[in-house]
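Construct the complete structure from the given sequences, taking the supplied hints into account.
Residue numbers (the working numbering), protein chains in the order written: chain D, 251 to 637; chain H, -19 to 268; chain V, 93 to 246.
Some hints here could point you the wrong way.
[Unchecked claim] Once the Cα atoms are required to be at most 27 Å apart in a straight line, the calculated DSS-like pairs of lysine-lysine come out as:
hint: 1; chain 1: D; residue 1: Lys547; chain 2: D; residue 2: Lys318
hint: 2; chain 1: D; residue 1: Lys494; chain 2: H; residue 2: Lys265
hint: 3; chain 1: D; residue 1: Lys314; chain 2: D; residue 2: Lys424
hint: 4; chain 1: H; residue 1: Lys157; chain 2: D; residue 2: Lys569
hint: 5; chain 1: D; residue 1: Lys349; chain 2: H; residue 2: Lys79
hint: 6; chain 1: D; residue 1: Lys547; chain 2: H; residue 2: Lys249
hint: 7; chain 1: D; residue 1: Lys472; chain 2: D; residue 2: Lys420
hint: 8; chain 1: H; residue 1: Lys129; chain 2: H; residue 2: Lys157
hint: 9; chain 1: D; residue 1: Lys357; chain 2: H; residue 2: Lys249
hint: 10; chain 1: H; residue 1: Lys7; chain 2: D; residue 2: Lys381
hint: 11; chain 1: D; residue 1: Lys381; chain 2: D; residue 2: Lys547
hint: 12; chain 1: D; residue 1: Lys494; chain 2: H; residue 2: Lys249
hint: 13; chain 1: H; residue 1: Lys80; chain 2: D; residue 2: Lys349
hint: 14; chain 1: D; residue 1: Lys349; chain 2: H; residue 2: Lys157
hint: 15; chain 1: D; residue 1: Lys332; chain 2: D; residue 2: Lys424
hint: 16; chain 1: D; residue 1: Lys381; chain 2: D; residue 2: Lys420
hint: 17; chain 1: D; residue 1: Lys332; chain 2: D; residue 2: Lys381
hint: 18; chain 1: D; residue 1: Lys463; chain 2: D; residue 2: Lys270
hint: 19; chain 1: D; residue 1: Lys494; chain 2: D; residue 2: Lys424
[Claimed, not checked] In silico negatives: residues of chain H with every beta carbon more than 10 Å from chain D:
hint: 20; residue: Pro2
hint: 21; residue: Thr83
hint: 22; residue: Met124
hint: 23; residue: Arg155
hint: 24; residue: Phe158
hint: 25; residue: Trp173
hint: 26; residue: Arg215
hint: 27; residue: Ile262
hint: 28; residue: Glu267
[Stated by the list, open to error] With beta-carbon atoms standing in for the labels, derived distance ranges:
hint: 29; chain 1: D; residue 1: Ala566; chain 2: V; residue 2: Arg207; range: 25 to 35 Å
hint: 30; chain 1: H; residue 1: Met210; chain 2: V; residue 2: Phe162; range: 54 to 64 Å
hint: 31; chain 1: H; residue 1: Gly101; chain 2: V; residue 2: Glu229; range: 26 to 36 Å
hint: 32; chain 1: V; residue 1: Tyr217; chain 2: H; residue 2: Ala266; range: 31 to 41 Å
hint: 33; chain 1: H; residue 1: Asn193; chain 2: D; residue 2: Ala566; range: 36 to 46 Å
hint: 34; chain 1: D; residue 1: Ser345; chain 2: V; residue 2: Thr234; range: 46 to 56 Å
hint: 35; chain 1: H; residue 1: Asp161; chain 2: V; residue 2: Arg186; range: 24 to 34 Å
hint: 36; chain 1: H; residue 1: Gly216; chain 2: V; residue 2: Gln116; range: 25 to 35 Å
hint: 37; chain 1: V; residue 1: His225; chain 2: H; residue 2: Gly216; range: 17 to 27 Å
hint: 38; chain 1: V; residue 1: Gly171; chain 2: D; residue 2: Glu502; range: 30 to 40 Å
hint: 39; chain 1: D; residue 1: Ser345; chain 2: H; residue 2: Ala266; range: 43 to 53 Å
hint: 40; chain 1: D; residue 1: Gly562; chain 2: H; residue 2: Thr12; range: 20 to 30 Å
Just so you know, these hints were derived from the structure itself, not from any lab.
Don't be surprised by glycine CBs; every beta carbon is placed ideally from N, CA and C.
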Amino acid sequence: MSEQFVFGGDRFPGVLDALKTRGYQVIGPTVRDGAIVYAELGSASDLPIGWTDEQDGGKYRLLKRADKAFFGYVVGPHSWKKYLHPPIVRLWTASRDAKGFQIEEEKPAHRKMAFVGVRACELHAIAIQDKVFLGGHVVDSQYQARRDGNFVLAINCGQAGNTCFCASMKAGPKATSGFDLALTEILEGGEHYFVAEIGTPLGGEILRAIDSKTAAAIEVEKAASIHANTAKQMGRTLDTTGIKELLYANYEHPRWNEVAGLCLTCGNCTMVCPTCFCTTVEDTTDLTGDHAERWRKWDSCFTSDFSYIHGGSVRATAKSRYRQWMTHKLATWIDQFGSSGCVGCGRCITWCPVAIDITEEVRAIRQSSASNDGGESGGKERHDSNS
Amino acid sequence: MAPLSEHPPMATAAKEPMLPAPFRIEKVGQETVDTFTVDLVPVGDNGGFSFLPGQFNMIYVFGVGEVPISISSDPENTQRFQHTTRVVGAVTRGMGHLKKGDTLGIRGPFGTHWPVEQAEGRDVVVVTGGIGLAPLRPALYYLMGHREKFHRIVLLYGARTPEDILFRRELERWRSKFDVDIQVTVDRGTLGWRGNVGVVTTMIGRAPFDPANTVALACGPEVMMRFALMEFQRRGVPSERIYLSMERNMKCAIGFCGHCQYGPTFICKDGPVFRFDRIESIFNKAEI
Amino acid sequence: MIQTLEGIVSEHPFFKGLDARYIQLIAGCAKNVRFREGEIVFREGDAADQFFFIREGLVAVELMVPHRGFTTLQTVGEGDALGWSWLIPPYQWRFGARTLQPTRALVFDGKCLRRKCEDDHDLGYEILKRFLHVVTERLESTRLQLLDLYGAPV
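Right under this line is the structure:
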């Protein structure tokens, strides 16, 4: 393990200042509308200091903590894809002319961004989207422009959420790569400090801008025990053993019909999921018909016309759409991009209005998989608490 | 004749694949009541356009929208190419109203191609129905243009009615000029039709080809392809030598929007032409 | 080389697996026949006492539709069987058949074969099995035609 550093909680605002003076747009968690969301931070006092979140299937609320932790919560409805893969982007504008039409490409105009408070699951999610948008034959220039010069300040979770299962997905809770700087917040016996791990020279430079010193062994140990405890607190688990083969073998499992009976196809899961990347392309024109624009917008495989071709949708039923989402996330993603699409952040469980739990769905299918000559569909398990 | 290039240049504006490049309509020809063909030529000197048989373009009608349509012309012609389409929505309707001299935006070519070069030395059986003949036409041009490289060539083509038969003159010309077996059938005969009546899949059973040394290419409605596959399998053609062209909703055509996913594949880049054994496990599943 | 009827029958895929004595029996009910282009093979409503195996050519299965004329529903060609009404009472053709090209076929005396099937149910079973296959294939094909797969999208 590389050398670790420590600095007092009162120095934290200095980190944000150092980023601002270097021209970064500083984005991090803040309380808004009863949730902890990501937004541009004016200063460290915009952080959800002393707040925590309580989450469960279809449930999210904020509660006050007994302490003044800066990062005493897990993840909210936003993910960093809001900034790297924005919901609405104009790709180009065009005008008619004598020879046909002229197109003007829209280059993303933005300041380089510093993400503050990125969790391990989110680091993995960003890496997964890096693979999707930057790792293939064609590179998504919109994503690349926003990802270039991106500063990542990671936070190691001090507690796990009730819907979290990053440990199962090997995506946390400790940040291991993909950051410039990773911090563990420690509040103990009246003290408030951060143990810092440097990920890149740029991270080191930011750390040097505030008054930090080498962490003592006991401080490093304290941070390590927090990581270990968090890993043990996971609210959910998902057995990923042979999951690709499991889902490929169970396209006709009766469980899909059951979950379809609940699923509203509202698409919340796809909106909050940090790796979901589907978009649609919208061509518009003004009233004169002489000026046109092309926009790219977030889309969801849950919409009824997502799979529309001549006269009908291939995935007309809710069952087929839920199956598509879950099978893509946990199975076909592996064949497409070499890793799971799920990082175990739990958002889809928390923000599903009918509390569908992806870990339960996997459990139910595994229990009576077609490849096991399974019998019962496990419907009774539907609302049992997580095991 | 020159062999097909492996990596044909893209017609689109050099770096950004979401930007259509303008092409001028040289001709709009009505094929049948609801199907037409547009001929496109490069605007200015943007170098021409080359593609492999089976590939498609995203066609942009200014201010209306964009649709994926297979290229339906001879791949040896890099100065002029064609798209044959039915009117099925706003964009194709918009296309149908355009005239010679108008401009269309083109992104492409995209996708995998018919394995014409791998079929050399073998019998080639092409089974298609309806508008499915259009994406196969470039492959047929290649087969005719390099006739000596293949053994028997069989084309089985099903249309709705005799009035819906596409490229009739071309089929006649190929029949008379080349050593090929072209059989056309219709689902519904009309007065005066003295040819086959019945679904095209029924012709596979007695078509003259050697299953042990055949490459089969199929394109058409999925149901038609399903039954065609059964007939091919009944005759003993292995799945690794049957190729299908699949279709799904498409928005970006470059593997980012997620719409064209078919199981683990993206039809825009892993298809539209698939070797059947690679999709066999999901092909017969509903709503995939 | 002139092939005997027995030879033709025994080679025909339809009769594959049939006992040799049945082949002989069936061949005994068979004759070669030729039609010119445009010739009527059988008429709708007539007694159905024959069936055919097309060896070469094209035959239209048709129906007389008022105001539309003789409408071809399906065509059968080389290797296809034609006619099953001889198997089922009232032994009457429901459709007509007319050649679209010069056609050579094997024609079987259905009445004679029917009697033989009644006498020997094993033979009857073998014949019915095979004709059932013909009927299911036609039904499958008809269903696909009904689907109007190339029709305008809904």
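Results of checking the hints against the structure:
1. For the hint linking Lys547 (chain D) to Lys318 (chain D), the alpha-carbon distance of about 38 Å lies beyond 27 Å, and the restraint is violated.
2. Taken as a hint, the Lys494 (chain D) and Lys265 (chain H) pair is honoured in the structure, with Cα atoms around 17 Å apart against an allowance of 27 Å.
3. In summary, the hint linking Lys314 (chain D) to Lys424 (chain D) is supported, as the alpha carbons are separated by about 25 Å, within the 27 Å threshold.
4. Taking the CA atoms of Lys157 (chain H) and Lys569 (chain D), the gap is about 53 Å. The hint is violated against a cut of 27 Å.
5. For the hint linking Lys349 (chain D) to Lys79 (chain H), the alpha-carbon distance of about 14 Å falls within 27 Å, and the restraint holds.
6. Pair hint Lys547 (chain D) plus Lys249 (chain H) holds up; C-alpha atoms about 21 Å apart against a cutoff of 27 Å.
7. As the CA atoms of Lys472 (chain D) and Lys420 (chain D) are separated by approximately 22 Å, the hinted pair is consistent with the 27 Å bound.
8. For the hint pairing Lys129 (chain H) with Lys157 (chain H), the CA-to-CA distance comes to about 16 Å; that is within 27 Å, so the pair holds.
9. In summary, the hint linking Lys357 (chain D) to Lys249 (chain H) is supported, as the alpha carbons are separated by about 25 Å, within the 27 Å threshold.
10. This hinted pair does not check out: Lys7 (chain H) and Lys381 (chain D) have alpha carbons roughly 43 Å apart, beyond 27 Å.
11. Of the supplied pair hints, the one linking Lys381 (chain D) and Lys547 (chain D) holds, its CA atoms being roughly 20 Å apart against a limit of 27 Å.
12. As the CA atoms of Lys494 (chain D) and Lys249 (chain H) are separated by approximately 22 Å, the hinted pair is consistent with the 27 Å bound.
13. Our distance criterion of 27 Å between C-alpha atoms is met by Lys80 (chain H) and Lys349 (chain D), whose separation comes to about 13 Å.
14. Our distance criterion of 27 Å between C-alpha atoms is broken by Lys349 (chain D) and Lys157 (chain H), whose separation comes to about 41 Å.
15. Distance restraint check for Lys332 (chain D) and Lys424 (chain D): the Cα-Cα separation of roughly 23 Å lies within the 27 Å cut-off, and the hinted pair is therefore satisfied.
16. Between Lys381 (chain D) and Lys420 (chain D) the alpha-carbon distance is near 17 Å, which keeps this suggested pair within the 27 Å criterion.
17. Only pairs whose Cα atoms come within 27 Å are accepted, and Lys332 (chain D) paired with Lys381 (chain D) is accepted, the gap being roughly 17 Å.
18. Restraint check: the Cα-Cα separation between Lys463 (chain D) and Lys270 (chain D) comes to about 22 Å, which is no more than 27 Å; the hinted pair holds.
19. Restraint check for Lys494 (chain D) and Lys424 (chain D): the C-alpha separation of about 25 Å stays at or below 27 Å, so the hint holds.
20. Not every beta carbon of chain D lies more than 10 Å from that of Pro2 (chain H), the smallest distance being close to 4 Å; the non-interface claim is violated.
21. Separation of Thr83 (chain H) from chain D is inadequate, the least Cβ-Cβ distance of about 3 Å not exceeding the 10 Å criterion.
22. Chain D leaves Met124 (chain H) outside its interface by the beta-carbon criterion, the shortest separation being 30 Å against a cut-off of 10 Å.
23. A cut-off of 10 Å between C-beta atoms confirms that Arg155 (chain H) is not in contact with chain D; the least separation is 30 Å.
24. Here Phe158 (chain H) stays apart from chain D, with its beta-carbon at least about 33 Å from theirs, past the 10 Å limit.
25. The claim that Trp173 (chain H) is not at the interface with chain D holds, since no C-beta of that chain comes within 10 Å of its own (minimum 26 Å).
26. For Arg215 (chain H), the condition that its CB be more than 10 Å from all CB atoms of chain D holds, with the nearest at approximately 28 Å.
27. Residue placement check: Ile262 (chain H) does not keep its beta carbon more than 10 Å from all beta carbons of chain D (closest about 8 Å).
28. Once the 10 Å rule is applied to beta carbons, Glu267 (chain H) is inconsistent with being away from chain D; the minimum gap is 4 Å.
29. A C-beta distance of roughly 54 Å is found between Ala566 (chain D) and Arg207 (chain V), which places it outside the suggested range of 25 to 35 Å.
30. Met210 (chain H) and Phe162 (chain V) have their C-beta atoms about 32 Å apart, which leaves the hinted 54 to 64 Å range violated.
31. At roughly 33 Å, the beta-carbon separation of Gly101 (chain H) and Glu229 (chain V) lies within the given 26 to 36 Å, and the hint holds.
32. Between Tyr217 (chain V) and Ala266 (chain H) the Cβ separation comes to about 36 Å, which falls inside the hinted range of 31 to 41 Å.
33. Restraint check, Asn193 (chain H) to Ala566 (chain D): a C-beta distance of roughly 41 Å satisfies the suggested window 36 to 46 Å.
34. Ser345 (chain D) and Thr234 (chain V) have their C-beta atoms about 55 Å apart, which keeps the hinted 46 to 56 Å range intact.
35. A hinted range of 24 to 34 Å for the beta carbons of Asp161 (chain H) and Arg186 (chain V) is consistent with their spacing of about 33 Å.
36. In this structure the hint that Gly216 (chain H) and Gln116 (chain V) lie 25 to 35 Å apart at CB holds, the actual value being about 31 Å.
37. At roughly 18 Å, the beta-carbon separation of His225 (chain V) and Gly216 (chain H) lies within the given 17 to 27 Å, and the hint holds.
38. Distance hint check for Gly171 (chain V) and Glu502 (chain D): the Cβ-Cβ separation is about 37 Å, which falls inside the suggested range of 30 to 40 Å.
39. At about 45 Å, the beta-carbon gap between Ser345 (chain D) and Ala266 (chain H) stays in the expected band of 43 to 53 Å.
40. Separated by about 23 Å at the C-beta atoms, Gly562 (chain D) and Thr12 (chain H) satisfy the suggested range of 20 to 30 Å.
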